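Chemist: Chain by chain, the residues:
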Amino acid sequence: MKHSSRRKFLTAAGGIAAAALAPAATAQMTRTPLNNMPEVISKLVGSKTISKGKVKLGVPPLVENGFLVPLTVSVDSPMTEADHVKAIHVFTERNPLPEMVTFRLGPRAGRASVATRVRMADTQNVTAIAEMSDGSFWSDTVFLIVTLAACLEELPT
Amino acid sequence: MTNVRIDLPKAAKRGEVIEIKTLVAHSMETGFRRTYLGVPIPRDIITTFVCAYNGVEVFRAELHPSIAANPYIQFTTVATENGTLEFKWSGDNGFTATETARIAVT
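As given, the protein sequences belong to chains A and B, one line each in that order. Using this note's numbering, the first residue of the first sequence is number 1, and each one after it goes up by one. Using this note's numbering, the first residue of the second sequence is number 1001, and each one after it goes up by one.
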């Protein structure tokens, strides 16, 4: 009986904690960009619009060590000569520089799925933009929390 | 001699999509850090990675200071024919590293 009440309490407490966290996790968080990410992105896409979808950006939601953050990007594309992903760009808004990495692929990639490891200077949004062979742009944005930031001492605040 | 690690299948069926994992030893100094005396540490990073399949470029990555030390890159390619894959990294201060791997395609 004692055990079951303790268990009940823990479940209830966990539920409350999860409920408190849920809106934070689902709503798109915004923080003031520290670098010129919007400019760099608009320079890349020009007059085209960026649509949401097709791109899946995989980063852990909570990062303990900003010096080594695993990052994966996959794009929903048949990767044929006529319809393929030309490039995948990854941007951040609060690292000293907005550009993270650019992958250039083609139909010979077979599948639009890449992975690397990046540095995160702060809790922030990460955006992956896929450039398709028909000239369209698709994106995905993930908000991630960083507890130990990379290059903390250099942050311009 | 730069320490390079490559992982890809030795053999594959024609038309199969193979996954390639690469790792290269490099500090990827961002150029934003300072020493304790306040002297800026100059940037020293790998800027480009290229993979060529029998001499034809199939994948390229442009790296920036946001990439973690010892850059790890994972990507895919279609096994089209027997041959050699050449991996080349190049960067600041004339850094280059090259590695080749053979693949048998049936």
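Please keep in mind that the hints were generated in silico from the structure rather than gathered at the bench. Don't take each hint at face value.
Stated by the list, open to error - Simulated pairs of lysine-lysine, BS3-like, Cα-Cα distance not exceeding 25 Å: (1) A:56 / B:1010; (2) B:1021 / A:48; (3) A:54 / A:43; (4) A:54 / B:1088; (5) A:56 / A:43; (6) B:1021 / A:86; (7) B:1088 / B:1021.
Said to hold, decoys possible - If you want the ones that stay clear, here's a sample from chain B, every Cβ over 10 Å from chain A, calculated: (8) 1002; (9) 1005; (10) 1017; (11) 1037; (12) 1039; (13) 1042; (14) 1060; (15) 1062; (16) 1064; (17) 1086; (18) 1090; (19) 1099.
This one's a predicted model, so the numbers in the text were calculated from it and none came from an experiment. In this text, a Cβ means the ideal position worked out from N, Cα and C, and glycines have one as well.
Chemist: Does each hint fit the structure? Answer for all of them.
Modeler: Okay, the hints, checked on the actual structure:
1. A hinted pair counts as satisfied when its Cα atoms are at most 25 Å apart, and residue 56 of chain A with residue 1010 of chain B does not qualify at roughly 29 Å.
2. With a C-alpha separation of about 33 Å, the suggested pair residue 1021 of chain B and residue 48 of chain A falls outside the 25 Å cut-off, and the hint is violated.
3. For the suggested pair residue 54 of chain A and residue 43 of chain A, the alpha carbons sit about 22 Å apart, so the restraint of at most 25 Å is met.
4. Between residue 54 of chain A and residue 1088 of chain B the CA atoms are separated by roughly 30 Å; this puts the pair beyond 25 Å, and the hint is violated.
5. Between residue 56 of chain A and residue 43 of chain A, the direct Cα distance comes to roughly 23 Å. Compliance with the 25 Å bound is thereby established for this hinted pair.
6. Of the supplied pair hints, the one linking residue 1021 of chain B and residue 86 of chain A holds, its CA atoms being roughly 20 Å apart against a limit of 25 Å.
7. As the CA atoms of residue 1088 of chain B and residue 1021 of chain B are separated by approximately 13 Å, the hinted pair is consistent with the 25 Å bound.
8. Against chain A, the non-interface label of residue 1002 of chain B holds: every CB pair exceeds 10 Å, the least being about 18 Å.
9. Against chain A, the non-interface label of residue 1005 of chain B holds: every CB pair exceeds 10 Å, the least being about 14 Å.
10. The Cβ of residue 1017 of chain B does not lie farther than 10 Å from every Cβ of chain A; its closest approach is about 4 Å, which violates its non-interface assignment.
11. No Cβ of chain A approaches the Cβ of residue 1037 of chain B within 10 Å, the least distance being about 13 Å, so the stated non-interface status holds.
12. No Cβ of chain A approaches the Cβ of residue 1039 of chain B within 10 Å, the least distance being about 13 Å, so the stated non-interface status holds.
13. Every C-beta of chain A lies more than 10 Å from that of residue 1042 of chain B, the closest at about 14 Å, which supports listing it as non-interface.
14. With a minimum CB-CB distance of about 4 Å to chain A, residue 1060 of chain B fails to clear the 10 Å threshold, and the non-interface call is violated.
15. Some Cβ of chain A comes within 10 Å of the Cβ of residue 1062 of chain B; the nearest lies about 4 Å off, and the non-interface call is violated.
16. Chain A draws residue 1064 of chain B into its interface by the beta-carbon criterion, the shortest separation being 5 Å against a cut-off of 10 Å.
17. With a minimum CB-CB distance of about 14 Å to chain A, residue 1086 of chain B clears the 10 Å threshold, and the non-interface call stands.
18. Non-interface call for residue 1090 of chain B relative to chain A: holds, since the shortest CB-CB distance, roughly 15 Å, exceeds 10 Å.
19. For residue 1099 of chain B, the requirement that its beta carbon stay farther than 10 Å from each beta carbon of chain A is met, with the minimum near 17 Å.
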